[in-house]
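Asks: Can you build the whole structure from these sequences, using the hints too?
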Amino acid sequence: MLWLAAIVLLVVVVPVVVYLLNGVLQAARSIVPSVEGIAGVAAAGSKDLDAAALLLTTKDQVEQTVAGLANYGGSLDVILDDAGPAR
Amino acid sequence: MSAVGLVFLVAVLLIVLALVYFLVSTIVALRKITAGLDTVIAGVGEIVEKSAPVNGVVTAINQQLDAGVDLLEGLLVQKAGLADAVGLVDGMYPGAAAAGLREFPESTELHPPRIGEVYTRGTLTLARLGREAPIAALSPTGAVLRNVAGGSLAARALYPDVRHTTPEKLPGSPVIGAGAPVQYEQREDIGAPRRRLRAKSS
Chain G
1 MLWLAAIVLL VVVVPVVVYL LNGVLQAARS IVPSVEGIAG VAAAGSKDLD AAALLLTTKD
61 QVEQTVAGLA NYGGSLDVIL DDAGPAR
Chain Z
1 MSAVGLVFLV AVLLIVLALV YFLVSTIVAL RKITAGLDTV IAGVGEIVEK SAPVNGVVTA
61 INQQLDAGVD LLEGLLVQKA GLADAVGLVD GMYPGAAAAG LREFPESTEL HPPRIGEVYT
121 RGTLTLARLG REAPIAALSP TGAVLRNVAG GSLAARALYP DVRHTTPEKL PGSPVIGAGA
181 PVQYEQREDI GAPRRRLRAK SS
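Heads up: the sequence lines are chains G and Z, in that order.
Going by our numbering, the first sequence opens with residue 1, and the numbers climb by one from there.
Going by our numbering, the second sequence opens with residue 1, and the numbers climb by one from there.
It is possible that some hints are incorrect.
Stated by the list, open to error - With a straight-line Cα cutoff of 25 Å, these simulated BS3-like cross-link-like pairs (lysine-lysine) come out: (1) Lys-32(Z) x Lys-59(G); (2) Lys-50(Z) x Lys-59(G); (3) Lys-47(G) x Lys-59(G); (4) Lys-50(Z) x Lys-47(G).
To be clear, the hints were calculated from the coordinates, so they are not data collected in a lab.
All of these numbers come straight from a predicted model, not from anything done at the bench.
Replies: Okay, here's the thing in structure tokens:
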């Protein structure tokens, strides 16, 4: 009986343990390149957002443009007659 | 030690060695993953930090642009009237009348006048500045001169006469050649050899 248990342990249990552990190891190793790729993309995305600071300049320019537009519209409102009643 | 015990010992030893090898390898792989995730977290943190003010800035820009659109639409409708405003917009951007003016929902129910076929492009551009701007020089208080139902030549009436009135009859072009009403006598020396003057004797 002991012989049978020893043989089972050596022939069955050891390969199963190795197989399972190898699966865990391969799964862990397969995650590494994905994580490295994500890290590269995150760094590139962060670099792409460097131009986001220019939005403040855009905002200022839009404000100035709309202010000029308002002044222009106000002047037109003064020098041009309004439309007559609907025909 | 018996043979059975030796087999057990070898089996257990193999299991332990497999555990050590694979677990250590797994630990190394997990450490790499951890390092990669740290880099990811740093990058994502930068993204979050850099994109934090974007929402507010874009909202402010949109508000400013909305105000500009409201201003322009309001001014156009005030100066041209709703129907003509829709017609002007549709004349410049065909099909835009279907969308109507944003601040005037009733503009989508209007049938836009075909202003683009009545006005020339220059007049249409001027008309964008105000209602019948060229006409204002002629009849600032009179009725609208534009004939919506007329052809494109109606646009001529919008301009001052001094600029575009065609004279009734322009002087004809001069007629030349054998059939010309004025014939000139041909000179004999034309085409003949040039006469040479004598050289002065010294």
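Asks: Against the 25 Å threshold, does the CA-CA distance of Lys-47(G) and Lys-59(G) hold or violate the hint?
Replies: holds (21 Å)
Asks: Does the structure keep Lys-50(Z) and Lys-47(G) at a Cα separation of 25 Å or less?
Replies: Holds. Lys-50(Z) to Lys-47(G) sits at ~10 Å (cutoff 25 Å).
Asks: For a C-alpha distance cap of 25 Å, please report whether Lys-50(Z) and Lys-59(G) respect it.
Replies: Roughly 16 Å separates the two Cα atoms, so the pair holds.
Asks: Going straight from one Cα to the other, do Lys-32(Z) and Lys-59(G) come out at no more than 25 Å?
Replies: violated (43 Å)
Hint compliance for this structure: hint 1 alone is broken.
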